[in-house]
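*Asks:* Letter by letter, the chains look like this.
There are 2 protein chains.
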Amino acid sequence: MAKKMRLFIPGPTPVPPQVAEAMARPLIGHRTQEFADLYRRLEEKLRKVFGTQNEVYVLTCSGTGGMEAAVANVVNPGDRVLALVTGKFGERFAELAKIYGAAVDALEFGWGNPVDVALVEARLKSQKYKAVLATHNETSTTVVNDIRAIGELTRRYGALLLVDAVSSLGGIEIEADAWGVDILVTASQKALMVPPGLAMVSVSPRAWEAINEGRAPRYYLSLPAAKKSLTKFNTPYTPAVSLFAGLDVALDMILDEGLENVYARHRIFAQATRAAVRALGLKLLAPDACASPVVTGVWAPEGMNADDLRRLLLKEYGVLLAGGQAQLKGRIFRISHMGYIDAVDLLGALGVLEIGLQKFGYPVTLGAGVAAAQAVLAGGGQDV
Amino acid sequence: MAKKMRLFIPGPTPVPPQVAEAMARPLIGHRTQEFADLYRRLEEKLRKVFGTQNEVYVLTCSGTGGMEAAVANVVNPGDRVLALVTGKFGERFAELAKIYGAAVDALEFGWGNPVDVALVEARLKSQKYKAVLATHNETSTTVVNDIRAIGELTRRYGALLLVDAVSSLGGIEIEADAWGVDILVTASQKALMVPPGLAMVSVSPRAWEAINEGRAPRYYLSLPAAKKSLTKFNTPYTPAVSLFAGLDVALDMILDEGLENVYARHRIFAQATRAAVRALGLKLLAPDACASPVVTGVWAPEGMNADDLRRLLLKEYGVLLAGGQAQLKGRIFRISHMGYIDAVDLLGALGVLEIGLQKFGYPVTLGAGVAAAQAVLAGGGQDV
Chain A
1 MAKKMRLFIP
11 GPTPVPPQVA
21 EAMARPLIGH
31 RTQEFADLYR
41 RLEEKLRKVF
51 GTQNEVYVLT
61 CSGTGGMEAA
71 VANVVNPGDR
81 VLALVTGKFG
91 ERFAELAKIY
101 GAAVDALEFG
111 WGNPVDVALV
121 EARLKSQKYK
131 AVLATHNETS
141 TTVVNDIRAI
151 GELTRRYGAL
161 LLVDAVSSLG
171 GIEIEADAWG
181 VDILVTASQK
191 ALMVPPGLAM
201 VSVSPRAWEA
211 INEGRAPRYY
221 LSLPAAKKSL
231 TKFNTPYTPA
241 VSLFAGLDVA
251 LDMILDEGLE
261 NVYARHRIFA
271 QATRAAVRAL
281 GLKLLAPDAC
291 ASPVVTGVWA
301 PEGMNADDLR
311 RLLLKEYGVL
321 LAGGQAQLKG
331 RIFRISHMGY
341 IDAVDLLGAL
351 GVLEIGLQKF
361 GYPVTLGAGV
371 AAAQAVLAGG
381 GQDV
Chain B
1 MAKKMRLFIP
11 GPTPVPPQVA
21 EAMARPLIGH
31 RTQEFADLYR
41 RLEEKLRKVF
51 GTQNEVYVLT
61 CSGTGGMEAA
71 VANVVNPGDR
81 VLALVTGKFG
91 ERFAELAKIY
101 GAAVDALEFG
111 WGNPVDVALV
121 EARLKSQKYK
131 AVLATHNETS
141 TTVVNDIRAI
151 GELTRRYGAL
161 LLVDAVSSLG
171 GIEIEADAWG
181 VDILVTASQK
191 ALMVPPGLAM
201 VSVSPRAWEA
211 INEGRAPRYY
221 LSLPAAKKSL
231 TKFNTPYTPA
241 VSLFAGLDVA
251 LDMILDEGLE
261 NVYARHRIFA
271 QATRAAVRAL
281 GLKLLAPDAC
291 ASPVVTGVWA
301 PEGMNADDLR
311 RLLLKEYGVL
321 LAGGQAQLKG
331 RIFRISHMGY
341 IDAVDLLGAL
351 GVLEIGLQKF
361 GYPVTLGAGV
371 AAAQAVLAGG
381 GQDV
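Residue numbers (my numbering), protein chains in the order written: chain A, 1 to 384; chain B, 1 to 384.
Simulated from the structure, these hints should not be mistaken for laboratory data.
Some clues are possibly wrong.
Intra- or inter-copy, both count: the list cannot distinguish identical chains.
Cut-off 25 Å, straight-line C-alpha distance, at most; resulting in silico cross-link-like pairs (DSS-like, lysine-lysine) [as the list claims (entries may be wrong)]:
1. K359 with K329
2. K228 with K329
3. K283 with K227
4. K3 with K315
5. K48 with K329
6. K48 with K3
7. K232 with K315
8. K130 with K3
9. K45 with K98
10. K3 with K45
11. K4 with K45
12. K45 with K232
13. K3 with K227
14. K88 with K228
Since we're looking at a predicted model, the values are computed, not measured.
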């Protein structure tokens, strides 16, 4: 049978048919009242998901473009920046700051560990930083960082906090204002259930002070330009109109379900997945205390190449799991349960994963992992 | 989360995105060369799936319309017709013949039993019939009948054989010419993976002799009109153009996979489902020897209303199972594995079924049914 493509990667995630339908509607012109109405609705809903009273700008670019917008608008050559690195995306944030001429101190916590807040405080005490760069959900290591605690420190020590929430926003709780996040960046193709192509950025008043003194070259990713256009609910350059239309519907779905319910659902799916992994005798990449609610990393069994397993699952069952990045390549696989994934999807994917493991000679009691996940789902997890 | 609607009913079945995409293309006019080309392609592919050298007419109506076309064109008032009844759809075929004035002898085999070919032969020996009406796959009882054996009898005793293959064609082997089926009827929304709205009918030269002497009123469902139009690859009345476009793609998918592979896949999925049902200690509706490869019927546990279980699965997990019809209402549920259903779908559905059974107090070892299905799927069933 022609395979059903089943995305269990941490973005792009499956697009709900309601969202696909909205994107397939006839295009509207982007310099029209219709577009302004769309952007107005959308921005109001984004504020709720961001947990902010500030404006949220929608940029037509990927999440990396949003991260660059955060850096390019704030960092001037020579600025001291502290980058908290817990994996590949933390490294990328640090690299961006270097490219814009910052003097970057990278605090590396080791792949698989979360940010150690005590170490961050020690640094902030010993040295004045203009900004701290942090990753909320580090998909490469399936670790979630304590942005709330980091935000307390950056406020106390007078640094701006720039957060990459690309793979978390809409799936994991975050409160830009309450937690003191000055620039919060996310993207469309993760927990927000929309195809790639949009980044969203919120900016605090403290961040605007820095942005207004920005000297780095910035044009397409200029936040002042985005702010100016937003006064008319417009964009400085051509927006990806159909993705705006899809995001409008996706945000309705999220807000209709209720943010607390959405977060609880992701936590329960992570618990179910982790219970399945343990029941199969496999090792989890991230410890429970900092485990991501949206993606679960698993060490391949001794002697098995995780990428061979992934290839088999894709070829035989259409199930695409994520692999390991950089030093984890071939050694881990990652199961995303982010966005539009339901119990049938998760149990079915775990079911074919068990078959795949068995085909590679790993001793599997068929159904054992599924049963552990079922028990969590049937009980509603520890949350409900 | 907004539920994913998951159809595990014996039609309409899930529509592949390739088919949905074809149906969403701009409409073509139905009196154009483009439509004639489409119908020509489609009819050629249908002959392969029907196993016939004869023409196959595509009517814009549901499967019942196709069954009526078979009866209305062949049966004259007073004709003796033998109806082989193994469930609700066998009853419908008999009822249609009565409505058209036939003297119908209904051979009832009891719900859950297949046609007993010896009894059919005894009847045909003792009485001359113009036509025999048979159901290939009786979805109401999840039983498949031996059309090949029935066809040998109807040829030997000089009766026409009219077969309802609405829920089997494209999922279960059938060979119109080799098996001596004079009129074979199917519909778009079952194993052919297209939304409802089309019936397809093949007609043998023997059947044409009867049709040409037909005296029943027939207009929209006239097979002579369909035959005449097919000489120009057109239809007598407005066809459901977008469904034709979808069927064109669906038939490509089936023929690309290969009919033998499609049939084997359905048999394996039935084996997997039946193994799961047994592992859960539940009773199957149909015995193995005549079990349908495309839909599996299961007795609800003692004291449980099958429809309560079905409502829970729909509400909580978006999984729609079929219920029992007529005397089986509330007593059975049916799991369709017809058409565009893959291993992830089936294992996921069995996983939530187990949770549902447990929620109603039935003692379930979570994962036990899934494990039995996994074992069949991992081994490729007994077929491969």
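*Asks:* If a hint holds in the structure, say so; if it doesn't, say that too.
*Replies:* Evaluated hints:
Taking identical chains as interchangeable, the C-alpha atoms of K359 and K329 lie at most 25 Å apart only when both belong to the same chain, with a minimum of 21 Å there against 41 Å between chains. Taking CA atoms no more than 25 Å apart as the test, K228 paired with K329 passes in neither setting, with 43 Å inside one copy and 64 Å between copies. When the C-alpha separation of K283 and K227 is checked against a cutoff of 25 Å, the pair qualifies neither within a copy, at 47 Å, nor between copies, at 65 Å. Taking the closest pair of Cα atoms, K3 and K315 come within 25 Å of each other only inside a single copy of the chain (8 Å); across copies the shortest separation is 27 Å, beyond that limit.
Taking the closest pair of Cα atoms, K48 and K329 never come within 25 Å of each other, the shortest separation being 37 Å inside a single copy and 47 Å across copies. For the homomeric pair K48 and K3, the shortest alpha-carbon distance between copies (23 Å) is at most 25 Å, but the shortest distance inside one copy (38 Å) is not. Taking the shortest Cα distances, K232 and K315 never come within 25 Å of each other, neither inside one copy (49 Å) nor across copies (43 Å). In this assembly of identical chains, the alpha carbons of K130 and K3 never lie at most 25 Å apart, being 50 Å within a copy and 45 Å across copies at closest.
In this homomeric assembly, K45 and K98 never come within 25 Å of each other (Cα to Cα): the closest approach is 34 Å inside a single copy and 61 Å across copies. For the homomeric pair K3 and K45, the shortest alpha-carbon distance between copies (21 Å) is at most 25 Å, but the shortest distance inside one copy (36 Å) is not. Taking the shortest alpha-carbon separations for K4 and K45, only the inter-copy value of 23 Å comes in at or below 25 Å, while the best intra-copy value is 32 Å. In this assembly of identical chains, K45 and K232 lie within 25 Å of each other by CA distance solely inside one copy; the values are 17 Å within and 56 Å between copies.
In this assembly of identical chains, the alpha carbons of K3 and K227 never lie at most 25 Å apart, being 44 Å within a copy and 37 Å across copies at closest. In this assembly of identical chains, the alpha carbons of K88 and K228 never lie at most 25 Å apart, being 33 Å within a copy and 68 Å across copies at closest.
The structure shown violates the earlier hints numbered 2, 3, 5, 7, 8, 9, 13 and 14.
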